[in-house]
Amino acid sequence: MSIIRTAQIEDALAIAHVHVDTWRTTYGGIIPDEHLANLSYERCQASWIEHLSQPEVERVFVVEQPGGPITAFASGGPIKEALGEWDGELYVLYVLKAFQGMGYGKQLVTRVAQDLASRDFRSMVIWVMKDNPARRFYEKLGGRLIGEAGITIGGKDLLKVAYVWSEIAVFR
1 MSIIRTAQIE
11 DALAIAHVHV
21 DTWRTTYGGI
31 IPDEHLANLS
41 YERCQASWIE
51 HLSQPEVERV
61 FVVEQPGGPI
71 TAFASGGPIK
81 EALGEWDGEL
91 YVLYVLKAFQ
101 GMGYGKQLVT
111 RVAQDLASRD
121 FRSMVIWVMK
131 DNPARRFYEK
141 LGGRLIGEAG
151 ITIGGKDLLK
161 VAYVWSEIAV
171 FR
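One point on numbering: in this note's numbering, the residue at position 46 of the sequence shown is 46, and numbering is uninterrupted.
Hints are supplied without guarantee of correctness; some may be wrong.
[What the hints assert, rightly or not] Between beta-carbon pairs, the in silico distance windows are:
hint, residue 1, residue 2, range
1, Pro69, Ser47, 29 to 37 Å
2, Asp131, Ser53, 13 to 21 Å
3, Pro32, Thr6, 28 to 36 Å
4, Glu148, Arg172, 28 to 36 Å
5, Asp33, Asp120, 36 to 44 Å
6, Gly84, Ile9, 17 to 25 Å
7, Lys156, Glu42, 22 to 30 Å
8, Leu13, Ala98, 28 to 36 Å
9, Ile49, Pro69, 26 to 34 Å
10, Ser47, Ala82, 17 to 25 Å
11, Arg24, Glu167, 17 to 25 Å
12, Ala169, Ala37, 18 to 26 Å
13, Glu42, Arg172, 25 to 33 Å
[Unchecked claim] Mimicking DSS-like on lysine-lysine, the simulated pairs with C-alpha atoms at most 30 Å apart in a straight line are:
hint, residue 1, residue 2
14, Lys130, Lys160
15, Lys130, Lys140
16, Lys140, Lys97
These aren't lab readings, by the way, just hints derived from the structure by calculation.
All C-beta atoms, glycine included, are put in the ideal place defined by N, C-alpha and C.
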């Protein structure tokens with residue numbers, strides 16, 4: 001049986017593998033192939049070590065399978081870009097393709113929302129690539145589309161959209 005737990009610095013490489021592999025399977029045909037090919041587990045690991053070193057700001061949760069492999073993770077904290085009255089943010093949610101549809105995404109979103117609520121945040125926003133096929137997942141969880149913005153990745157201009165849960169107390 002899998003467990004959801006708070007990530008530790010020692011998890012950075014496993015998190016990097018989930019991050020890079022999920023980008024490659026999710027964003028093929030959306031983000032330039034050259035950019036996806038140049039993603040590096042080592043660079044991503046260094047970035048996650050930095051994130052995991054600041055638990056007072058960003059909290060990271062992982063799904064760990066029996067025997068140890070991490071197959072999904074999510075993180076959240078204070079909103080990074082002011083957006084109306086919303087105060088908390090689900091920064092990322094990545095689930096390896098082979099483990100999608102098993103409820104891990106919903107469990108991680110719930111865990112991040114509960115953590116934000118415990119830190120007195122009232123709402124939660126997530127930014128998602130507009131062409132991300134997983135957008136319906138956020139809508140099924142009650143996320144409400146509230147806006148879009150431009151972003152450039154790998155030299156390509158793309159759009160991202162924001163979903164909000166105005167009351168994270170719904171995640172109990």
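Which hint numbers does the structure go against, in order from smallest to largest?
1, 2, 6, 8, 9, 11, 12, 13
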